[in-house]
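> Read off the chains here:
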Amino acid sequence: MKTFEEKWTAWIDGELTGVELAEFEASLPDKAAAEEERRDARKLGTFLKEHLPCQAMGNEEFFHHQLRERIASETAVPARESTGGGRVWWPIGRLVWVGATALAIFTVCTFFVMREKPTSEQSQYLSEILTARVDPVVNPNATISMFKSKEDKVTVLWVEGLQSLPSEYASQ
Amino acid sequence: MQRRSLLLLGLLLALILGDVASAGAAQTVWSGLVIANNVAQPDPIPVELRGMEAALKKWFGYNQYKVIGQARKSLVTGSEDWMAQSKYFSLLVDSKSGNEAGYLLNLKLFQEKNLLLETDAKLSKASPLMIKGPQVGDGQLLLLLVVQ
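Residue numbers (this note's numbering), protein chains in the order written: chain L, 1 to 172; chain D, 1 to 148.
Think of the hints as simulated: they come from the structure by calculation, not from any bench.
Taking lysine-lysine and the DSS-like style, the derived pairs with C-alpha atoms no more than 30 Å apart in a straight line are:
#, chain 1, residue 1, chain 2, residue 2
1, L, K153, D, K58
2, D, K87, D, K108
3, L, K150, D, K66
4, D, K96, D, K73
5, L, K148, D, K58
6, D, K122, L, K148
7, L, K150, D, K96
8, D, K108, L, K150
9, L, K148, D, K73
10, D, K108, D, K57
11, D, K66, L, K153
12, D, K57, L, K153
13, D, K108, L, K148
14, L, K153, D, K122
The task is simple: from the sequences and hints, build the whole structure.
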């Protein structure tokens with residue numbers, strides 16, 4: 001189904017015939033004005049053909065060579081991509097292999113880092129007395145002192161004033 | 001390719017399981033009741049105290065140390081309790097929590113049924129805990145705890 005513009009162009013160019021021509025001319029609201037416009041268009045076409053001839057190409061061979069080079073380069077790139085496609089997009093197996101390797105390296109590094117860290121922390125970490133208490137009724141003179149020795153790596157809770165006991169209390 | 005992937009996966013699992021196993025491995029806490037005194041001919045220091053001999057002498061000044069009660073407890077969860085006992089003394093140890101660095105302990109020293117001393121302490125793997133108790137005869141009762 002041609003649009004009005006297509007039929008209009010064909011009518012100006014004299015390409016409409018028969019029933020199609022009759023129907024189109026009947027649909028024109030002002031046939032006289034349309035005929036005037038067609039004449040102007042044909043005059044313009046004739047004028048352009050006369051005064052704007054096609055220029056002859058001076059370097060025809062060079063132009064053709066350049067064109068062939070361009071076409072060759074454009075067709076060569078997709079061909080290379082199609083042959084090397086396996087390298088750009090790795091197969092699933094290789095992706096799994098690379099992923100597993102990366103994960104293994106990460107795990108090994110984490111393993112050694114986590115193992116060594118507590119050792120260094122522990123060497124500086126001494127035991128600590130948080131609270132200490134004695135019954136003031138039973139031992140009213142008892143005193144409590146706390147010491148931490150980095151040199152000896154010991155923590156001492158020093159309780160003085162506890163009730164002395166006879167030597168028999170030393171039995172196993 | 002598949003064989004290599006399987007080997008790698010196996011290695012990975014071994015590492016992870018090894019790490020988990022080492023992290024969950026039990027540590028042993030030795031706790032002892034020790035009588036320290038000065039004598040002309042001291043007995044050799046008990047095996048359990050060998051790593052602490054210099055510190056014991058420096059801090060308490062005695063030349064003989066005798067273990068009168070002890071307990072060795074393997075801690076798995078860190079929340080366990082145990083008791084080191086002699087004829088007249090009991091050291092009740094209640095471990096509240098624990099990790100790689102050490103344990104949070106509640107200690108109670110009983111003389112028969114009497115509570116002499118109670119303390120809360122963080123026992124580090126790197127340093128023993130020494131507690132000076134009451135005078136007993138010509139010596140001194142010491143409480144010692146160490147992560148072995």
